[in-house]
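With chain A held as given, fit chain B onto it using these hints.
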Amino acid sequence: MMRVALIILTVVAAAALSAWPDRSGAQNRDRFLHSSPAHKKKDCNSCHLMPTANSMAVRGFPDVAEFPGHAACASCHGGKEQITKNFCAACHSSRMPARAPRFPFPVRSRSHEFGTIFPHNIHQDVIAKVVRNPDVAVGHFVQASFSRPPDDLPKFNNCALCHQTATKLSKLAARVPAALQPMATASPDTFIPAAGFLKDNPSGHASCFACHYTGIKPAANNCAGCHSLTTAYSPSATLERYSFKFDHNSKSHAVRDCMTCHIRIASNGDLKKLKDADVPILACTSCHNHSDDLAKELNARAASTDAKQAAFQCNYCHTTAIGRFPVPSSHEIK
Amino acid sequence: MPVLAAILVTAVLGAAAFAQSLGSVEVAGRVKIGTANERLKRKRFYLFRGGLAENRQLVDKLKTSAVPPSRDCFYCSLGASAEYIAWLKSEDCESPFCRSIGADDVAKVPEFKSAYQKGLEQFRNKPDLARNWLTVNLPAPLRNGFYLQRKSVVNSLLKGATPLQTSMTDSVSVVAPFIDIPLAASTAEMFLVTNVVPFELGGKTYLWVCEVKVDDKKRAKLSLNLDKANKPAGKCEVVVRDVAPCAGNCGTK
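These protein sequences, in sequence, are chains A and B. Here my numbering is used: the first residue of the first sequence is 1, the next is one more, and so on. Here my numbering is used: the first residue of the second sequence is 335, the next is one more, and so on.
Isolated chain A, as found in the complex:
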């Protein structure tokens, strides 16, 4: 009887421990939940100042650059009985707030409570009208004053306002097709892309506020215009892609409009529905459908399977971690 009780106790304890959130040190200090019923009722601006007094010094532009002051908390949490040491540690770097500085805002290692609202389709309509057409019929004044030198490559569609060439390589992982089983063990593959193969994402307010600081809605003081409360999550530091061999800066790619490949971006109104970089194979095959690229690899795969040999692993676009999977029907050249 005792043994059974001990086993049950062990199982329950193990289950409880596995369910306990795995939180880093910084996350453990994060006791403030925007999603609590009382906090959800508050207007963002009742706590967060926009801009904060330190923002020009810290960021170089007007921004929310520090945690709200005591007044924001004290308006509700006034009684000493409510102020615990953990309460202070939400913003202060030690549990002795009288001397401790506040964390830099925001603490990026903490779990995120907000998703970003960004409709690419509207931005394509508003900002993306760059047409660099030298034969456009314009007056002499305009030609003389505004035409660009021929070696000035276009920054297509102002996508570059937010997406710059990456300078640091993220942690990478193959985006494995979930529903498929690999046909072989991946052949050795040492390919590592250069950082500049990829574009980065905005990590702060700077690129948004350049247009949305005031006037254009949602303006900077309307936090909920861009941030929607969601289930807490920790963003992955690992970048998953099907094809790491695509170089945005290669000679033939750099002269193309971003939207030539990011086909769906002009109709995407919700970031959550965007599947990572979302480049359909159609974008690749419009150029790479020749005997030295996709067609060659499709033939090699077909030949290997017909001959009942080890499956040919595609490596023109993919690393072999992906290239060993069955060829999806989308890759058939129509």
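Simulated from the structure, these hints should not be mistaken for lab results. A hint or two may mislead.
Rough simulated footprint, nothing fancy, chain A against chain B, three-plus residues with beta-carbon under 8 angstroms [claimed, not checked]:
#	stretch
1	425–435
2	470–479
3	497–503
Where chain A lies over chain B, by a calculated footprint (3+ residues, C-beta under 8 angstroms) [unchecked claim]:
#	stretch
4	451–465
5	506–518
Below, computed lysine-lysine pairings styled on DSSO-like, alpha-carbon distance capped at 27 angstroms [to be verified]:
#	chain 1	residue 1	chain 2	residue 2
6	B	Lys395	A	Lys199
7	B	Lys555	B	Lys395
8	A	Lys275	B	Lys551
9	A	Lys217	B	Lys447
10	A	Lys251	A	Lys171
For glycine and all other residues, C-beta sits at the position ideal for the given N, C-alpha and C.
Frame of chain A; chain B shown alone:
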């Protein structure tokens, strides 16, 4: 028993979803109009299920609607300077967000100069910030008024008709692709493609309403070419009109 039935239904529906036939259409934005070659870069097209006959009400509404004021008329009617209009026109921009505004532009365009000066005051005399965030201090109608006006026209024209997809031509290959179009049947199906708001080309406006047959075997291609008599190459209804004269002292365009 109901649980088992639900599982079966889910499995069947799942299989049906998996077997969904998908088609694609490519709208060619390199257009031959008479003898002129035009490139409809960065232009939006809309896709509707059904052909011209099934969408007759919408087709007639689009064909008979008034053409909204041209970009130049719009900005001129707001009292924008000739330099501001020329800056937009030089790279076919519809708003000041379309490209970066350089120091030279600030010196030449009065609206930019004024916004820059306001920015210097607002951003504690930081020239780069005042220039990079210049649009923040432009008068609102000059900033996004044209976009809002066009959006309002599109919303009004498409009231009661929801497009299946929208797409935009890129500026290099000048193609607007519609992909992963769910087909109701595995056989070919008819779809309608239109630009909804007429495009301006060489003093005229062009509205295309075309039907295109889509199947899951091959990518359908839609040509918008017009011959010298403005007769379309494909099964399209095309309305060609002169650009409406501007009101007031804004000239003819």
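Results for each hint:
1. 425–435: The restraint on the stretch 425–435 of chain B holds, since 9 of its residues have a Cβ under 8 angstroms from chain A and three suffice.
2. 470–479: Three-residue rule met by the stretch 470–479 of chain B, so holds; n is 4.
3. 497–503: Check passed, 4 qualifying residues.
4. 451–465: As far as the stretch 451–465 of chain B goes, the hint holds, because 4 residues have Cβ atoms under 8 angstroms from chain A.
5. 506–518: Per the Cβ count (6), the hint holds.
6. B:Lys395 with A:Lys199: Violated: Lys395 (chain B) and Lys199 (chain A) sit about 43 angstroms apart, past 27 angstroms.
7. B:Lys555 with B:Lys395: holds, 25 angstroms
8. A:Lys275 with B:Lys551: Status holds; Cα separation ~25 angstroms.
9. A:Lys217 with B:Lys447: OK: Lys217 (chain A) and Lys447 (chain B) at ~23 angstroms, within 27 angstroms.
10. A:Lys251 with A:Lys171: holds, 25 angstroms
Of the hints listed earlier, the one the structure fails to meet is number 6.
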